[in-house]
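Novice: Please work from the sequences and hints to get the whole structure.
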Amino acid sequence: MAYLDIEHLHFQYSSKRMVLKDINLSINKGEWIAILGHNGSGKSTLAKLIVGLLSPKEGSIIIEGQKLSDETVYDIRKKIGIVFQNPDNQFVGVTVRDDIAFGMENLQIPATEMLEKIDFYAQKVGMEQFLDKEPSQLSGGQKQRIAIAGILAMQTDIIIFDEATSMLDPGSRAELMEYIKELHREGLTIIMITHDIEEALFADRMIILKSGEIYQDCEISVALRHPEWFEEAYLELPTAMRIYYDLRQDGETYQELEEYLWEFSLKK
Amino acid sequence: MKNIIIGQYIPGTGFLYKLDPRTKIIAVLILMVAVFLLKSITQLMIAFGIAIIILIIGKISIVRVARGLKPIFILLVFTFVFQIFFNKEGTVWVDETLTFSLVSLIVLVAWTIVWRLLTKLKKFKMMLFFLYIAGVYLILRYLTYGTIFSTFNFVVHEKGVEMSIFVVIRLLIIITLSTVLTLTTKPTDLTQGIEKLMRPLKYIGISSDDFALIISISLRYIPTILDEANKIMLAQASRGADIAEGKLKDKIKQIISLLVPMFIIAFKRSEDLADAMESRNFVPGRERTRIYDLHFGLLDLMVALMTIGLLTGSIMARVLWIG
Ligand SMILES: Nc1ncnc2c1ncn2[C@@H]1O[C@H](COP(=O)(O)OP(=O)(O)O)[C@@H](O)[C@H]1O
Ligand SMILES: [Mg+2]
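Residue numbers (this note's numbering), protein chains in the order written: chain A, 71 to 338; chain B, 534 to 856.
A portion of the hints provided could be inaccurate.
What the hints assert, rightly or not - Computed cross-link-like contacts, EDC-like style, restricted to lysine to aspartate or glutamate with a CA-CA straight-line distance of at most 16 Å:
| # | chain 1 | residue 1 | chain 2 | residue 2 |
| --- | --- | --- | --- | --- |
| 1 | A | K118 | B | D805 |
| 2 | A | K148 | B | E811 |
| 3 | B | K692 | B | E622 |
| 4 | A | K118 | A | D140 |
| 5 | A | K118 | B | E804 |
| 6 | B | K801 | A | D158 |
| 7 | B | K621 | B | E695 |
| 8 | A | K149 | B | E811 |
| 9 | A | K118 | B | E811 |
| 10 | B | K764 | A | D158 |
| 11 | A | K187 | A | E198 |
Calculated directly from the structure, the hints in this document are not laboratory data.
Specialist: Laid out in structure tokens, this is it:
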């Protein structure tokens, strides 16, 4: 059995329209999966269902053999952390130290242990110099790293990133990706929600959501052979990939490629 | 409005930093009461001396505290002037006739301009202010030449001077005390101290734990919200709206157009925040541990005893009317 199993999951908010339809998904321990989908495809809804912030209409979510329910939700939350999109809307503490502590305080971890862990994990995300700083003195990327430290300190098995890089500048975005790679190397299971194909390429596996349904679930290498899938799912191909596919489609030679690139750079 | 820092906490190492926030909060409250019990300038001077000694032992820079007094400088001056002018008890100390004459008025205007220009230097502002006031007095007292428009009697009574010094010193001590509290206590410790002190409220159904969390989250979001208001105002200014200008009707319209987006953002924010807190294992009303275990130690006991001693002293002084 996989670490996380989602079976025949359906969900709707109060309105008639189903937001998620018959989702079936298993994720193994240590895996890095990307959930890719257009705006409004139901990615955030799925993430909130996994951590029990919403309850399924139908179907089940099973984590380490334990079915998510009102009784098990508090146990299951200890195993999953989630970093949300807006850095400002998830910073709970008055200072960095307080914010990293927040989750541990809720788990009733003794003070001395918390202080040790705060130092350790702040160091891990490169924020040890900032422990007494307040959120208004930090950049978006720094706040997201602190959110990660807070989750690491709770020692979860999985971290979900729900478009956690989308409000950051390119520099901080790349930096955050490096930290995520590091976490994956250390054995954490990563669920990376994004609408950015380039970002999804770092994962082992890609799940494409389209209007609330799983449209594709495959290895990254397989997805790369089917650029039409992305267009079908209303996702925008990055420029480099678009050129690559255009070229391949026309079966051009090296010479023609050179001409094409010249033309392209002149047009710009 | 950028980089607003909550409170005025400045890291340090003195004994005041090692105290339990509860001890400090209660001690400051008790000392304030003690100060209000004092009835004479001599007593207040002693209290002021004690406050300075506390600062010195606590290794707190007096310059820092003095700088903290700046915002209330106007209040101090106003209090002082008010007492001097309106208290008409005791023997008369000063009884002078001040004259508004052609010459004195012209010189007065010139003097005011010089003063305003000098304050542009940004240094010695307070000294310049006193210099200015002294100048005004001398001008009105001695430059009685030219057409005289009007005169008035500047009378200062003994009690007036006494009261004004009394009230100002009292205010100074009280503000120094509260500055010491905020200077040496982190906002988190302060809210935690308040929380612990409010523990008994749970018997009337208020969870002090949740209450403290609400306080600290509000503190945390004030700068963010101000920042946001700033951004919205800039965005609207770039579309031609300007809150600082226009008729009252336009102003009200613009304020509404500021408040509506702010409320929408705030609602979204509170929803996100609730999700973030819950996903980090927060359950309202459930027991949580804290990073800083408040610890009432020997030092706290000593400070508590000293505080009680000071309170007793001021009660004695009042009852026995010493000094
Ligand atoms: N709290 C809510 N109440 C009602 N509808 C919602 C709510 N949150 C999201 N939706 C709707 O559910 C759909 C999926 O939203 P979401 O999961 O946020 O998508 P994504 O994260 O992929 O952009 C959207 O059509 C959105 O309008
Ligand atoms: Mg989303």
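Novice: Indicate, hint by hint, whether the structure satisfies it.
Specialist: Each hint, compared with the structure:
1. K118(A) - D805(B): holds, 11 Å
2. K148(A) - E811(B): Holds, at about 11 Å.
3. K692(B) - E622(B): holds, 5 Å
4. K118(A) - D140(A): Measuring from Cα to Cα gives roughly 14 Å; hence the hint holds.
5. K118(A) - E804(B): holds, 12 Å
6. K801(B) - D158(A): Holds, at roughly 11 Å.
7. K621(B) - E695(B): Holds, at about 11 Å.
8. K149(A) - E811(B): Status holds; Cα separation ~13 Å.
9. K118(A) - E811(B): Answer holds: K118(A) to E811(B) is near 11 Å, not above 16 Å.
10. K764(B) - D158(A): Given pair K764(B), D158(A) holds - Cα atoms ~15 Å apart, limit 16 Å.
11. K187(A) - E198(A): holds, 11 Å
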